[in-house]
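Protein chains in written order, with the numbering used here: chain A, 11 to 406; chain B, 2 to 317.
Some clues are possibly wrong.
[Said to hold, decoys possible] Label pairs and their computed distance ranges (CB to CB): (1) B/Arg308 / A/Asp96: 19 to 25 angstroms; (2) B/His253 / A/Asp204: 54 to 60 angstroms; (3) A/Thr72 / B/Glu304: 26 to 32 angstroms; (4) A/Gln89 / B/Ala14: 22 to 28 angstroms.
[Stated by the list, open to error] Capping the alpha-carbon separation at 16 angstroms, the derived lysine to aspartate or glutamate pairs in EDC-like fashion look like this: (5) A/Lys356 / B/Glu104; (6) A/Lys70 / B/Glu5; (7) B/Lys36 / A/Glu218; (8) B/Lys271 / B/Asp311; (9) B/Lys235 / B/Asp195; (10) B/Lys85 / A/Glu58.
[Stated by the list, open to error] Here chain A is said to cover these stretches of chain B; the calculated rule only asks that three of the stretch's residues, wherever they fall, bring their Cβ under 8 angstroms from a Cβ of chain A: (11) 24-30; (12) 79-86; (13) 97-104; (14) 187-197.
Keep in mind that the hints were calculated from the coordinates and are not lab data.
The model shown is predicted, which means the values in this text are computed figures rather than measured ones.
Each residue gets a CB set at the ideal place from its N, CA and C atoms; glycine is no exception.
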Amino acid sequence: MEPGTHRARRRSAAGAPVTRARRGDLVANVVDFCRLLRRRGLSVGPMEAADALRALSAVKVTDRHETYLTLRAVLASGQDAQRIFDEAFWEFWGAPQREVETRGAPGDEGTLSVDGQQALDRVLLEWHDDDETGGEGEQIPAYSPVEALTRKDFSAFTADELNEITAVVVAIARRVATRLSRRAKAARRGHLVDLRRTMRASLRRGGEIMEILRRERRLQKTRIVLLCDVSGSMDLYSRFLIQFVYALQHAVGRVETFVFSTGLSRITGSLAHEDLRAALDEIARRVPDWSGGTKIGRSLRRFLADHGARVLDDRTVVIIISDGWDTGEVDVLETAMAELQRRAAKVIWLNPLLASPGYEPICQGMRVALPYVDIFAPAHNLESLRRLERYLARAT
Amino acid sequence: MHPEISRIQNLLAGQGYIADRTIATSVYLSIALRKPLLIEGAAGVGKTEVAKVMARALGADLIRLQCYEGLDATTALYEWNYQKQLLHIRLSEGGERSVAEREAEIFSEAFLLSRPLLDAITREAAPVLLVDEIDRADTEFEAFLLEVLSDFQVSIPEIGTITAKTTPYVVLTSNRTRELGDALRRRCLYLWIDYPSFEKELEIVRGRVPAVNGHLAEQIGACMQLIRRIRLEKTPGVAETLDWSAALMALHRDHLDREAVEETLGVLFKHQDDATTVRAQWLDQLLESLATLEREGRPWSQELIARAADRLQARR
Numbered sequence: 011m012e013p014g015t016h017r018a019r020r021r022s023a024a025g026a027p028v029t030r031a032r033r034g035d036l037v038a039n040v041v042d043f044c045r046l047l048r049r050r051g052l053s054v055g056p057m058e059a060a061d062a063l064r065a066l067s068a069v070k071v072t073d074r075h076e077t078y079l080t081l082r083a084v085l086a087s088g089q090d091a092q093r094i095f096d097e098a099f100w101e102f103w104g105a106p107q108r109e110v111e112t113r114g115a116p117g118d119e120g121t122l123s124v125d126g127q128q129a130l131d132r133v134l135l136e137w138h139d140d141d142e143t144g145g146e147g148e149q150i151p152a153y154s155p156v157e158a159l160t161r162k163d164f165s166a167f168t169a170d171e172l173n174e175i176t177a178v179v180v181a182i183a184r185r186v187a188t189r190l191s192r193r194a195k196a197a198r199r200g201h202l203v204d205l206r207r208t209m210r211a212s213l214r215r216g217g218e219i220m221e222i223l224r225r226e227r228r229l230q231k232t233r234i235v236l237l238c239d240v241s242g243s244m245d246l247y248s249r250f251l252i253q254f255v256y257a258l259q260h261a262v263g264r265v266e267t268f269v270f271s272t273g274l275s276r277i278t279g280s281l282a283h284e285d286l287r288a289a290l291d292e293i294a295r296r297v298p299d300w301s302g303g304t305k306i307g308r309s310l311r312r313f314l315a316d317h318g319a320r321v322l323d324d325r326t327v328v329i330i331i332s333d334g335w336d337t338g339e340v341d342v343l344e345t346a347m348a349e350l351q352r353r354a355a356k357v358i359w360l361n362p363l364l365a366s367p368g369y370e371p372i373c374q375g376m377r378v379a380l381p382y383v384d385i386f387a388p389a390h391n392l393e394s395l396r397r398l399e400r401y402l403a404r405a406t
Numbered sequence: 002m003h004p005e006i007s008r009i010q011n012l013l014a015g016q017g018y019i020a021d022r023t024i025a026t027s028v029y030l031s032i033a034l035r036k037p038l039l040i041e042g043a044a045g046v047g048k049t050e051v052a053k054v055m056a057r058a059l060g061a062d063l064i065r066l067q068c069y070e071g072l073d074a075t076t077a078l079y080e081w082n083y084q085k086q087l088l089h090i091r092l093s094e095g096g097e098r099s100v101a102e103r104e105a106e107i108f109s110e111a112f113l114l115s116r117p118l119l120d121a122i123t124r125e126a127a128p129v130l131l132v133d134e135i136d137r138a139d140t141e142f143e144a145f146l147l148e149v150l151s152d153f154q155v156s157i158p159e160i161g162t163i164t165a166k167t168t169p170y171v172v173l174t175s176n177r178t179r180e181l182g183d184a185l186r187r188r189c190l191y192l193w194i195d196y197p198s199f200e201k202e203l204e205i206v207r208g209r210v211p212a213v214n215g216h217l218a219e220q221i222g223a224c225m226q227l228i229r230r231i232r233l234e235k236t237p238g239v240a241e242t243l244d245w246s247a248a249l250m251a252l253h254r255d256h257l258d259r260e261a262v263e264e265t266l267g268v269l270f271k272h273q274d275d276a277t278t279v280r281a282q283w284l285d286q287l288l289e290s291l292a293t294l295e296r297e298g299r300p301w302s303q304e305l306i307a308r309a310a311d312r313l314q315a316r317r
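Next up, chain B with everything else stripped away, as it sits in the complex:
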């Protein structure tokens, strides 16, 4: 393995990404080739964490642009500091200068407020630019972003063109609520992050919530694999697993039984409907599957649990 890839892998391990070569290789390539990295996957699999790891690997700043519907170029790029402009106009009142001169003055760089994109290209040291949930922005913004990512320069009518001092490292994430354009895809390296396997999630739980005993951690991990097979409004991700583990700890639970699960369903499911569905239709089967797994004996593995999940699914 390339030494830099294993270094990134170690950094990832610190974030709970255990031994994930796919992610490490993609991050490394994105750095080495200076190509934006597009990360797709379900919500809650830790896409954003990857950008943080990249920043740590580089010792660079992380600049985050959170996308939302209606995000436009102005909000993402720059804005004029209107308060400062107003104040300046007042302070320079009664001067000799013409309107045109004063106008040029207040629309100069001193009055410019950098938003994430402008900020990212004007840093002395290249930062990591995280464009989070690009799928939530509209296609016009996507086209605009593509332009910025191609040229790494922006033009501001009042000032002129600002060219990047350094090329930022770019990470884009998408939850796939809409398909991204082909042009953007082709410009990026691509990384798909799936829900973790049983083994991986177990390590994450152990690493992040060390107070959990081994037995409970395994039950939690297995339960997550089973729950992710159920059709829900929002399938719980790794963040929910960790919250759940912490909640069980807070309630001094050392194993999963009906009472423990019922008490903590609210932590695991963000939609009330999901909690209701699981409590009413699935809880018995979940506990039964766990009991079967216990009887089959340890060690538990992804294959073993996947088989149990298949049986669970088949019974519906």
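Next up, chain A with everything else stripped away, as it sits in the complex:
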């Protein structure tokens, strides 16, 4: 097929969603379909497309339902992925009742016969390089920049309230921490006898076992990483936030604390001060852009790059405290969140604004971050924190 017509066919494919006479050979269509899935977020690449072709050559492509089931088994590896797949399938190959009209779709050619290498070669021929930009318009829905956000004034906390909040937060943190380390303990069945080494050692003594050699299973402890937004939009909460972060770090071992606004600073060391006032002084001195704008995405990326390898593993709980009000690039935030979720055991996002009347997580930053958050909870008053604690208690 000459390149021009190929391109045109694809463009119309994206433009007209309903009636679509797909032409050309099945291989080209399957590759196009795979590229569509990729743009919708499935991890589908040339290898998967080649597998899809191999799979199709093992079934009856005249049977539409069979084709559907086959492609789905190969290309959608998860329940969420299946939902995306279903939508894309009918959209791409035409609605079920239009079966007769669709051509070049599964159901057109009786059989397809390709083996592994052949399949991959053909896929690579078809798999053009313009897919990353999403050439045929799978655009993110237009976003109207800043919708009015209702803020609630939290500066009016009494000292008593602050203490109580701190106590609840510490309880939450303890619950998270002990829950995970209890699991670690259960896996550890005391000292393990290392028979292999024991046996080797005994050989040197004519098979007499003089000493039982042992090995230890590494005990992994939960670590908590706090990422605390101290930008201007969070200003009202900063005083209270730092106080509870301080309490948290003193109550639970293995807490790493970072604050961010336009940049990221590690304040674990500063918070180690016995005296809160001294700790606050030092933080104020060391954090250059206290109450500036926010670049959450960039700050998270910095965190991942500089500290990720050291503090993140599958026993780490990351708690982000922020209103999600990001003035940076949204896609940076999204990739950073995705990576964070992948590398940590759990990501908890506490949002002081969440319970304000009229607030929905509409600010762009919050919206892209949400899919990667395990627990999204308000943190504006005592009751909300208590609810979070109860929630965690149930999850235990």
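Please build the complex by placing chain B on the supplied structure of chain A, with the hints as guidance.
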């Protein structure tokens, strides 16, 4: 339909999977493409059964590796037969051979105990390897498994590399207590098994507990659809449905009423809390929903019962 798919479908029917093309197609593809099949779904929907059906379809042996937290490569792969080694050392005492020679002797294949993974790749005829509840093993084990599944060879320091004689058919199951890595997912075909529909479950009950009369079977099926809408610690699966049916039979019940349900709650719910919740908060409504369904008349269908379940949920 591809003839092999319908053959697998028939085998599935024998296991209570009535007319399930999705499962049959996935099993067939996994066999045809020699790609591992990852099955996810709630506990009790019969994921493990699928591996058994695959083994039957192939006439192959089934090797099962049950995962648990703390499972490590040694336990899954191989272990040395220490008793045998000890005995051998004793028996060969006083010989002329050097320590190195004797060491080489006792760390040879004759002293190796195959665990499921090694067993699976050293069979003459390709077996079905079932890696059950992979989500319970930790991520290190997942990475290790991925390596074995990619190369189908293992290296044992004392012996060297053992390469698979035949590539086993692999089925992995997960209850989704944790998300599996992307790398593993991409390597596998994927199958999601949901709780059965009313019609399907009815057929399962009739097939497995033939003594149940049609009326009671329908009540049981409907009741399961309703119960699965309730938030519980552990939602009862198909296994519980069958246990419940058998229990009702043993008590000579021919229809569901308050007494029959109360007597048998323990069979249906594995958590005491669940039994208590249902007895205290839901029993009236459940029986009422059933009565409404009876009044609406038969035949009962998934849609009809789903509507009743919606109403039940809305009332809370």
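- Please name the hints from earlier in the document that this structure breaks, with their numbers sorted from lowest to highest. Numbers 5, 7, 8 and 10, in rising order.
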